[in-house]
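Asker: Numbering (our numbering), first residue to last: 1 to 389.
Be aware that a few hints might be false.
Pairs of lysine-lysine residues, derived as DSS-like cross-links and limited to a Cα-Cα distance of at most 27 Å, are as follows [as the list claims (entries may be wrong)]:
hint	residue 1	residue 2
1	K223	K158
2	K158	K49
3	K104	K223
Quick list of simulated restraints, FRET-style, between CB atoms [claimed, not checked]:
hint	residue 1	residue 2	range
4	R221	G201	41 to 51 Å
5	R339	G224	23 to 33 Å
6	E313	M45	28 to 38 Å
7	W359	E313	41 to 51 Å
8	E331	L374	23 to 33 Å
9	P163	W359	32 to 42 Å
10	P144	L213	18 to 28 Å
11	R372	T33	54 to 64 Å
12	A278	R221	22 to 32 Å
13	S288	C378	33 to 43 Å
14	A170	I365	42 to 52 Å
Since the hints were derived computationally from the structure, they do not count as laboratory data.
Note that the Cβ used here is the ideal one computed from N, Cα and C, for glycine as well.
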Amino acid sequence: NSGAQGEYAGLLTIRNYHLANGGTHRDVCLIPTSAHGTNPASAQMVGMKVVPVKVRDNGDIDIDDFRAKAEQYQENLSCCMITYPSTHGVFEETVREICEITHKHGGQVYLDGANMNAMVGLARPGDIGSDVSHLNLHKTFCIPHGGGGPGMGPIGVKAHLAPYLPGHPATDGREGAVSAAPFGSPSILPISWSYCLMMGGEGLTQATKVAILNANYIAERLKGAYDVLYKSETGPRGARVHYRYPPAGRELRRDVDDVAKRLIDCGFHAPTMSWPVAGTLMIEPTESETKAEIDRFCDAMLAIREEARDIEEGRADKTNNPLKNAPHTVEDLVGEWDRPYSREKGCFPPGAFRIDKYWSPVNRIDNVYGDRNLICTCPPMEAYAEAAE
1 NSGAQGEYAG
11 LLTIRNYHLA
21 NGGTHRDVCL
31 IPTSAHGTNP
41 ASAQMVGMKV
51 VPVKVRDNGD
61 IDIDDFRAKA
71 EQYQENLSCC
81 MITYPSTHGV
91 FEETVREICE
101 ITHKHGGQVY
111 LDGANMNAMV
121 GLARPGDIGS
131 DVSHLNLHKT
141 FCIPHGGGGP
151 GMGPIGVKAH
161 LAPYLPGHPA
171 TDGREGAVSA
181 APFGSPSILP
191 ISWSYCLMMG
201 GEGLTQATKV
211 AILNANYIAE
221 RLKGAYDVLY
231 KSETGPRGAR
241 VHYRYPPAGR
251 ELRRDVDDVA
261 KRLIDCGFHA
271 PTMSWPVAGT
281 LMIEPTESET
291 KAEIDRFCDA
301 MLAIREEARD
311 IEEGRADKTN
321 NPLKNAPHTV
331 EDLVGEWDRP
341 YSREKGCFPP
351 GAFRIDKYWS
361 PVNRIDNVYG
371 DRNLICTCPP
381 MEAYAEAAE
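Let the sequences and hints guide you as you build the complete structure.
Answerer: Take a look at the structure:
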């Protein structure tokens, strides 16, 4: 299960609602081009036609294009899918207007709850205008998400859609199951239940405020060193921020991969890289980290920027430098050192612990080569024949 399961269940609910109310022709789903790829995939799975909506340079949905598309497809409009705060980490000012336009033309609003970490206790999707929303328990409500799972995406709907929720033959006898088990992955649900119970309303609200504060604090500390792609014109950012090198660094082909690999030397798992915008890091500090840990991360990012500046200004070799050679291993530290920078600079950058330091087991791998030259681990059919003999 994941948020995509919630999307699928929510869109099925909307489809069932239209079918029951004579709207069999309503099959158009408006989705901004900034959306997560699961949005159009889920719409396609329930038989909807996806109509993309333009996004402005600042990351907001182009309200004029949205209005035009809603009017153009008003006879067949089923719904729109939006994310709030947006995938770009911004509280869009036109979100209520988007919901009103959709409802005016007979559609329903699906609000993707992927970024609810910046809303819990402060705002309700239904008050904004959403008809269906899902919660990512693995993002917002404490289910560990290491290794890509398990995820969970339960949905909430407004009262007029409740009768059209997908059923399950094991519980209510209705068809339309969206997962093999009635409650998805039930063994992990007590984690979120316990988290909410222990935090309480005030605790959950405080967690949201701290998540927003942490994201904006990092943005302020890294200001000038890195470009922030998307900013709200009037208020704070959400719980995520996208960064990239300033123009000088990009012209010298400083790769975001260099930053990600160098962060390993500093003891950090790199943030989401090149999504949803190529060449960026999407930093989501959440509410969990202490200020000391956030400062350690910021110190590492600022030091990496200075290492890039050394290359830009000719003080470091363009190909043989701490960034291009990251991550460094124990073997590098204790072996013969033939690099133009010191062991200290390579293996113990700002932010790295000297005691209990994390060491990468290998140096940098060739990602492009690995992507283009797949190595099949399945034995050939001849091996099965030989085993049978």
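Asker: All hints, please: hold or fail.
Answerer: Going through the hints against the structure:
no., hint, in the structure
1, K223 / K158, "violated (41 Å)"
2, K158 / K49, "holds (24 Å)"
3, K104 / K223, "violated (41 Å)"
4, R221 / G201: 41 to 51 Å, "violated (31 Å)"
5, R339 / G224: 23 to 33 Å, "holds (29 Å)"
6, E313 / M45: 28 to 38 Å, "violated (52 Å)"
7, W359 / E313: 41 to 51 Å, "violated (30 Å)"
8, E331 / L374: 23 to 33 Å, "holds (28 Å)"
9, P163 / W359: 32 to 42 Å, "violated (57 Å)"
10, P144 / L213: 18 to 28 Å, "holds (23 Å)"
11, R372 / T33: 54 to 64 Å, "violated (27 Å)"
12, A278 / R221: 22 to 32 Å, "holds (24 Å)"
13, S288 / C378: 33 to 43 Å, "holds (40 Å)"
14, A170 / I365: 42 to 52 Å, "holds (45 Å)"
Figure legend: structure checked against the earlier numbered hints; hints not met, in rising order: 1, 3, 4, 6, 7, 9 and 11.
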